[in-house]
Every structure is written in C-alpha cells, then in structure tokens.
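> These are the residues of each chain, in order.
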Amino acid sequence: MARTLAQPATLAAAHARPRKRDWHALTAHAILLASVALLAFPLYYAFVISTQTLSEVTTIPPKPWPSTAIIANYAEAWQRAHMARMLLNSAIVALGVALGKIVISMLSAFAIVYFDFRGKHVVFWMIFITLMLPVPVRIVSTYQVVSVLGWVNTYWGLTVPLMASATGTFLFRQFFRTIPDSLAEAAQLDGAGPMRFLWTILLPLSKANIAALFVILFVYGWNDYLWPLMITNTPDMRTAVIGIETLVPRTSQLPEWNVAMAAAMMVLLPPVAVIVAMQRWFVKGLIETEK
Amino acid sequence: MKRSVFPNRWLPYALVAPQIVITLLFFFWPAFDSLRLSLYRASPFGDRLIYVGLGNFRRLFQDDAYLRSMTTSFVFSAVVTLVGLALALLLASLANAKIRGLTVYRSLLLWPYGIAPAIAGIIWLFVFHPSYGILPWLLSFVTAYRFNWFLEGWVAMMLLIVAAIWKQFGYNLAFYLAGLQAIETAVLEAASVDGAGPIRRFFAITFPLLSPVTFFLFTLNMTFSFFDTFGLVHAVTQGGPGDATSILVYRAWKDGFEGLQLGYSAAQSVVLMALVIVLTAVQFRFAEKKVTY
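Each protein sequence line maps, in turn, to chains A and V.
The numbers in the working numbering rise by one with no breaks, and the one at position 229 of the first sequence is 229.
The numbers in the working numbering rise by one with no breaks, and the one at position 282 of the second sequence is 282.
By construction, these hints were calculated from the structure, which means they are not laboratory data.
Keep in mind that the hints are not guaranteed to be accurate.
Label-pair restraints from in silico Cβ distances [unchecked claim]: (1) 193/V <-> 59/A: 21 to 31 angstroms; (2) 250/A <-> 182/V: 33 to 43 angstroms; (3) 190/V <-> 24/A: 11 to 21 angstroms; (4) 207/A <-> 142/V: 14 to 24 angstroms.
Result set (SDA-like, lysine to any residue): computed pairs, CA atoms no more than 20 angstroms apart in a straight line [said to hold, decoys possible]: (5) 207/A <-> 153/A; (6) 284/A <-> 191/A; (7) 284/A <-> 203/V; (8) 98/V <-> 207/A.
Which bits of chain A does chain V cover? Going by a derived footprint, with three or more residues having C-beta under 8 angstroms, they are [claimed, not checked]: (9) 63 to 69; (10) 120 to 134.
A virtual CB, placed ideally from N, CA and C, is assigned to each residue, including glycine.
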C-alpha cells in the first residue's frame, strides 16, 4: 500500500525538474566524450603516423589521417627489430611471471590459512616486507645474485626472481578466510587430504580472483622495464618493451618515426587487448590488489 | 581466525617454500648486500672492495648532481600526482550525473593502463617532436618560442610529465567517477536546501567524502611516478638534456650499471629503501585511520 502511494509522489518530483536533469546529463556526456577523445588522440595519432610514408611523416603541417604505407611500415619494423623474437620473449616473461606468481602465492596463502605451524608469523612478515623492497632499491645487488646463479640472460633470470608476491598472497589469504570452515571439515570427513581439497574445492572457487590477478600481473610482466634491461645483454633475449628503443630515431638518424610507431603499436597491443577483453576482472584486480 | 583444519607437520613448510626461497634469495639477500656494499668502494682496478664506512653517503649528500636528482624526482612525482588528480577530480565532478553508459565510458577510459610507460613516452616524444610533432606546430601559432626537448631541460620534463599524466589519467578519472556515484545524493540535496552553493557543497561534503578514493589514488600515483617511470626516462630522454630529467632511480641504475660505481649506487639504493619504508609507514598510518568518514 505504502509503495503504491509513494510512487506517484516520486514520479511527480521527477517531472518537476526534467529540464535541469537533461542539462546535467548532457554536460556529463559532453565532458566524458571529450575526455575519452583527448585520451585516445595520442594513440590515434601514433597509429596514423604508423601508416604514413617517410615524406608524409616529415611534412609540416602534419597530416592527421591514415595513409597507405601501413603494410610496408609494419613489415619493416617487424624485420628490423626482430619483433617475432621480442614478442615471444615478452609473452614468455608475462605469462611466466603471472602464472608463477599466482601458483606460488596461492600455495603460501593456503599454508597460512589452513595450517598451524611454527614460524607462521615469521613467514607472514617476510612476505609482507617484500612490499618495501621493489627492484629499484636493490639494483646492483640483485643483479649480482642472479649472476652468481648463472641466470643472466636466461628466461629463468627474467622470470623467477619476480615470482614472489606479497599482494597475491594477501589477496588469496583474504579470500580463503571468507570460505566457510564447514567446507574443509566436510572434505576431511570424506577422507580428502589437503592437496585434494585445494585442487577440487579452493581452486574452482578462486577462479574470479585468479582471473583478476592474472590481468594485473600479465600487464605488469609485459611492461616491466628495469628488470629485463638489467638481466639481458643480447638482442635475442630482449623483451619487446625495451627492444623497440633501438627503432626510435635519434638526432643523427633518418627520422623514420613511421617505423618506430608501427613497432610501438605492435608492442602495446597485447596488454591493452588483455585489459579490454578481461575488463570485468581487470577492475576487480585493480581494487583487490591495491587494498 | 580460521580453525586450523589440516593437521600436517611438514606440508605447510613445503607449500611456503617456493615463496620463501625466492624472497630470501632475491629480496633479503640483495637488500642486505646493498647495505653492506654501500659501505665500500671499488678499487681503481675494480678487483677488490675498499671499506669506506659512511663515505659514500657523505659523498652523496655533497654531490650537487645527486641533490638535483632528488629535487627532480620529487618535483616530477608531485606534479604528476597533484595535477593528474586535480584534473581527474575536476572533470569527474563536472561529469557526475546519473547517466546511462557509465560502464562503456569506464572501458574507454581504462585501456591506457595497459601501455608501458616507455611506450607512452615514445608516442609523446613524437607528439612533442621539435621538427615534425603536432604540438610544437600548434604552439607555433601562439608563440615564437621554440619548444625543443633536445635543448631545453624544462621542455623535456614537461614531455615526461604529460606522458605520465596521460597514462594515469583515465584510471584516475574512472576511480573518481565511481567514488562520486557512491555518494548519496540526498546528502548533497539537503545541503543544497540549506543554501550551500555548488563550490561550497564540493569542499564541505563531496571532497571529504571522497578522501578514501583520493588517498588510494595518491599513494598509487606517487609510487608509479617515483619508481615505475624508470622506463619512461630511459627510453625517452636518457636523463637529459644534461641531467634535467635524471630521477633518482635512473641515477642509481646509471651509476651502477654504466658508471660501475657499485658502492655509490648501493648507497643510493639504501636511500631509496629508506624512502620506501617511510612512504609505506605513512600509508599504513593513514589507512588505519580510514582517513575520514
């Protein structure tokens, strides 16, 4: 009864100020569209340049629309920078770091939440402290450790040292704590051991968290710069993000910005595509990992 | 706290082993080694280490180039963070209305997060290019000044700042929009009835209510601009012209890997470590207080 009575009143209120609301919504759309356009412009411009010939690129006034040299430029960039190898390296690093971090942090979160063992607090604090030790604060020494292991310029060196993850561990720990105790108890009554419980119950329940973490870590692994720059020393081990620097024309060189932009487009596409394709998990990941 | 449900003596140790081994090998050992190395200097032939006590640190804080890097880093991070957040907050407040298609806008705003800082820098490098770039060309209608990042330190700095803000902007805007949408309109309407104008309403109600979002974005942008912009500097300006854009991380890397001054670079790492610890402590202090509600 109350609801039916209340409805006409709210309708009337909504009708009282329709013009003001429309105006509000219109401004909002205008501002958001402008922001989106402004944000997209540099990418559009880079794409346009990647389709132009050298003479078009160096013309003043600049030509802001696509041209015909697209295939030639991308082929040239592909050849000159050994793009196939670099993209493969990037894929190995990004996937290796993402999957490695997920597995390792899930296992340690499982141990911390579902077991009682001596030194648990020490383990927890050790993982926590890694948050305060990003690569830049241990540049030279970390390189030395990797070189002692003989891992310089190898895929091991590129991936394994990045696989410890405090954020991943905390994310899974947080999530496991919300899972009712009765599930683990039921599993025990059925005679399932801890690994069986992890594999058949926790893993399927963690799907959304794994997907969220995966997007964030893939992007991080693909785009990381300092680490691969330190650890690799031959062109065939370079990742794409550091490798394309060789294509950027310096003062004394031919201004082949069209080739440089073609390379940039190829390198930025995979992480951006992952974000766009996994949008929902990406947003979840952003919020969960930064808590 | 959960009841420990699996009685097993050795399994938990096996489960945490990979994490702990990596943490010890690649985090703790190097961190202690940086501390140790910072007290030494390589001999002229580079074959052995000479103990110099706090000599590296004394040298560091008397080194004008290092102090300049300190200023450069803080100015760069502060400008990227404050300008980036202010701009995002301004646009988000103007665009705050109950409209359709907000998820579509969110998708269109978030993609630049996926672009590496170095790649963002290379794109903006061309936009700013003194001979062929569109920006100097547009500016040439307004002023006769030649914007050249090859020669002018401040133009190079602007280039890096713009690239960094661009990369973070959509993300900041998306978070502010979400934060604003979560504020009860009833509160604002009540203030409006009480006669508070839009600017007053913003500072008295909206801004304080948004402080958790602001705090979250502030830490995130500070960390990003301080540490993750190494690639941007390395790929775009290489610290130049002169050392106008040598941020702290870039200098620590350069002195260690190009200059091979291991002790001196390690001392810089130790200073960075102290900065991270302070930043983290501040972050937890504020996070505990929940900022304000």
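> Take the hints in turn and mark each one as holding or not.
Hints versus structure:
{"no.": "1", "hint": "193/V <-> 59/A: 21 to 31 angstroms", "verdict": "59 angstroms, violated"}
{"no.": "2", "hint": "250/A <-> 182/V: 33 to 43 angstroms", "verdict": "48 angstroms, violated"}
{"no.": "3", "hint": "190/V <-> 24/A: 11 to 21 angstroms", "verdict": "18 angstroms, holds"}
{"no.": "4", "hint": "207/A <-> 142/V: 14 to 24 angstroms", "verdict": "54 angstroms, violated"}
{"no.": "5", "hint": "207/A <-> 153/A", "verdict": "34 angstroms, violated"}
{"no.": "6", "hint": "284/A <-> 191/A", "verdict": "35 angstroms, violated"}
{"no.": "7", "hint": "284/A <-> 203/V", "verdict": "30 angstroms, violated"}
{"no.": "8", "hint": "98/V <-> 207/A", "verdict": "32 angstroms, violated"}
{"no.": "9", "hint": "63 to 69", "verdict": "violated (count 1)"}
{"no.": "10", "hint": "120 to 134", "verdict": "holds (count 10)"}
Hints 1, 2, 4, 5, 6, 7, 8 and 9, counting from the list given before, are not met by this structure.
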